[in-house]
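> Once you have looked at the hints, place chain B on chain A.
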Amino acid sequence: MTGTIGKEPYIEIRGVRKGFSFGAEKVAIFSDLSLNIARGDFVAVMGPSGSGKSTLLNMLSGIDRPDSGKVRIGDSHLEQMGESAKAAWRAHNLGIVFQFYNLLPMLNTAQNVELPLLLKPLSRRQRAERVDTVLDLVGLDGRQKQYPASMSGGQQQRVGIARAIVTDPGLLLCDEPTGDLDCKSANDILEMLRLLNRELNKTIVMVTHDPEAAGFARRTLHLNKGEFTEQFQREPEDLAPQPHRDEAMEQGVARQ
Amino acid sequence: MTSLQLARRNAWRKPYRTLLLMFCVAVAILIYGLTQSFLAGSQGTGGASDNLLGVFNKAGRSQSLPMSYLGRIAADSDVAAVSYMARMRGFAGTQSNVVMTSAVDPRSMAAVNGRELGLTADLLAGLDRTRDSVLVGKALAQAQGWSVGQRIGVTAFQMTGTNGSRDWSFEIAGIFEGADASTDTYFMIARYDYINAARAQGKDMVDGFVVRPRDGVSPGVLASRIDALFANSAAPTRTQSEKQFLEAFIRQFADIGLIINLVVGAAFTTIMMIVINTMAFAVRERTFEIGVLKTLGFSRGRIMALVLGETLFISVIGGLAGLAGAKCATMLAGPALGLSLTPLVAGKTAIVIIALGLLGGLLPAVNAMRMPIINAFRSR
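As given, the protein sequences belong to chains A and B, one line each in that order.
Counting in our numbering, the first sequence runs from 40 upward without gaps.
Counting in our numbering, the second sequence runs from 137 upward without gaps.
Bound conformation, chain A alone:
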């Protein structure tokens, strides 16, 4: 089992089996998956296509259900919860950052970020204050009225992050958050995730194909054929701010 190091697990996956049927054929994704993640951890999950990364995220978000086994986050056993309970749990405990941002095009920045707050008993003013706070946090202050179509990919992803954290959830799930971004924007987003983890103690699970993106996490797990094959734990000094990736590239080019 891939475990936590000296910390009480916040996320506990134990003995999970999951498969999909394609006609008569049944394909097993996980046969006995187990994983512990401590509160405040930042975990990157890497692996080739079809290794089960997205299925893992789907189960952690309650979108998909294991065939058997346990998926516990905090005090919530997701495998036992009904759809309504999972929706309420997501509204209060979970933020999701998507690869392609998934903003609603007919809503402006502030309205997109405000969406999860509609599920909370807050006044219009309280919602507006929270939206302004998180937009300021992600560096989009003053862009409240801007629509997604007029924003760059990096800006849209910032809006996506603001939407994910506006309810102050304990857990952030990121599905290749930099997969659609250029190097500079990707670096900014990853820095932001690291800040959220360090300063606000958000537990983050990030699926990525990019080793450099994984370098921002405290731990990197490699998933292959439904099993964690290796784990890399970074020391605190490894987590110091990294040079900008464009700068690093330039330095690399210069060295050549």
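Rather than coming from a laboratory, the hints here were simulated on the basis of the structure.
Cβ atoms here follow ideal geometry from the backbone N, Cα and C, with glycine treated the same way.
Just to be clear, a hint being listed does not mean it is correct.
Stated by the list, open to error - Some but not every residue of chain B turned toward chain A, in silico, with C-beta under 10 Å:
#, residue
1, M137
2, S139
3, N146
4, W148
5, K430
6, T431
7, L432
8, G433
9, F434
10, S435
11, R438
12, L468
13, I510
Stated by the list, open to error - Here are some chain A residues the structure puts well away from chain B; computed CB gaps all over 10 Å:
#, residue
14, E64
15, S70
16, G79
17, D221
What the hints assert, rightly or not - Footprint (simulated), chain B over chain A, 3 or more residues, beta carbon under 8 Å:
#, region
18, 91-102
19, 133-143
20, 153-161
Same frame as chain A, but now just chain B:
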């Protein structure tokens, strides 16, 4: 932003499609509003009373009854008031411009249905001034362009005077407006004593009696008793309420109510199918986004409410436009066509608008609600 604003934003994502949908709903509600206004108006039976009884010749309304029946009807202890009338059908100017004149005893008529017709003491005093005075209904006066003090000529189709002429001359003493918009005011009231004295035939005969039962008396029971009084006479009677009479009269030509219900029903079925189909398509287009909303924590109920809110928004805007159109039509053509958009009709229409919005969005809303997130994400 509120959930309702979110639904509104969704609705306006395809403005052209939304406007067309609103137009469809507006047309449906316009049809509904006009037909209901017709039924509630003087051309229908909505404004007719169930409490006023008309006593007519059983052989047909073109047959008269002797005036002597008046005393026997009035003698019934359950009769609060009784009046009588002779009707003169004629035209003003051209033959197609038909004008109905009821020759009545003003005092007894005021006691029977003066309140419903809006007959004030001033109007009755005006009718008393000269024998050829008439009171003209508001709808008729507006249609003919008549005013108080004007002398008018009416040519009767059948009733001839003692001078052999079918031309009758009257002076307008006043205009009565009716108790409410649904009251039939497309006729005029003349004095029976004048008409009766001046006509060559049918003297001291009446076309019918109008009876107001005492409070608490069943009109149906009283009607049966009045008919029993004259069952073995030379001119047996048929007593009906005003409403029954009008319904039977209209049904002579066709079952108007059934035809209207069929037309409205067909229009609504068509509109409903358009709304359901379009909304189902709109929801299918947004499958992925519905998945995103669900991952944000929107429950199945909220997703359903969101889709229903969207169809309700379209239905309410379109419906209010249709209702406004119906109101304008009744105001412009109301008096001549007997249309009356009463508060009751407006209330019923509002219920239909809401029902249309909710029913039209139900199927797409249930589909959106039941859609698993994982399937929604596969749709992109």
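> Holds or violated: is there a CB of chain A closer than 10 Å to the CB of W148 (chain B)?
Where the cut-off is 10 Å and the nearest Cβ of chain A is about 7 Å from W148 (chain B), the hint holds.
> Holds or violated: the hint that M137 (chain B) contacts chain A, with Cβ atoms closer than 10 Å.
Holds, because the Cβ-Cβ distance from M137 (chain B) to chain A comes to roughly 5 Å (cut-off 10 Å).
> Was the hint right that S435 (chain B) lines chain A, CB cutoff 10 Å?
With Cβ-Cβ at 4 Å, under 10 Å, it holds.
> Does the closest beta carbon of chain A sit nearer than 10 Å to the beta carbon of L468 (chain B)?
Constraint on L468 (chain B) not satisfied, violated at 39 Å.
> Do the numbers back the hint for K430 (chain B), that is, is its least Cβ distance to chain A under 10 Å?
Hint on K430 (chain B): holds, closest Cβ of chain A at ~7 Å, below 10 Å.
> Can the hint on G433 (chain B) be confirmed by a CB-to-CB distance to chain A that is less than 10 Å?
holds, 3 Å
> Would you check chain B against the region 91-102 of chain A, counting CB to CB pairs closer than 8 Å, and say if three or more residues qualify?
holds (count 3)
> Would the least Cβ to Cβ distance between E64 (chain A) and chain B come out above 10 Å?
holds, 18 Å
> With 10 Å as the cut and Cβ atoms as the points, is L432 (chain B) at the interface with chain A?
Status holds, d = 5 Å.
> Would the stated hint for R438 (chain B) survive a check requiring a Cβ distance to chain A of less than 10 Å?
It holds, given that the least Cβ distance between R438 (chain B) and chain A is near 7 Å, below 10 Å.
> Should the interface hint for N146 (chain B) be scored as holding, given a Cβ-Cβ cut-off of 10 Å against chain A?
Hint holds; N146 (chain B) Cβ to chain A Cβ min 7 Å, cut 10 Å.
> Please check whether I510 (chain B) passes as an interface residue: C-beta within 10 Å of a C-beta belonging to chain A.
Since the shortest Cβ distance to chain A is 6 Å, the answer is holds.
Consistency with the previously given hints fails for number 12 only.
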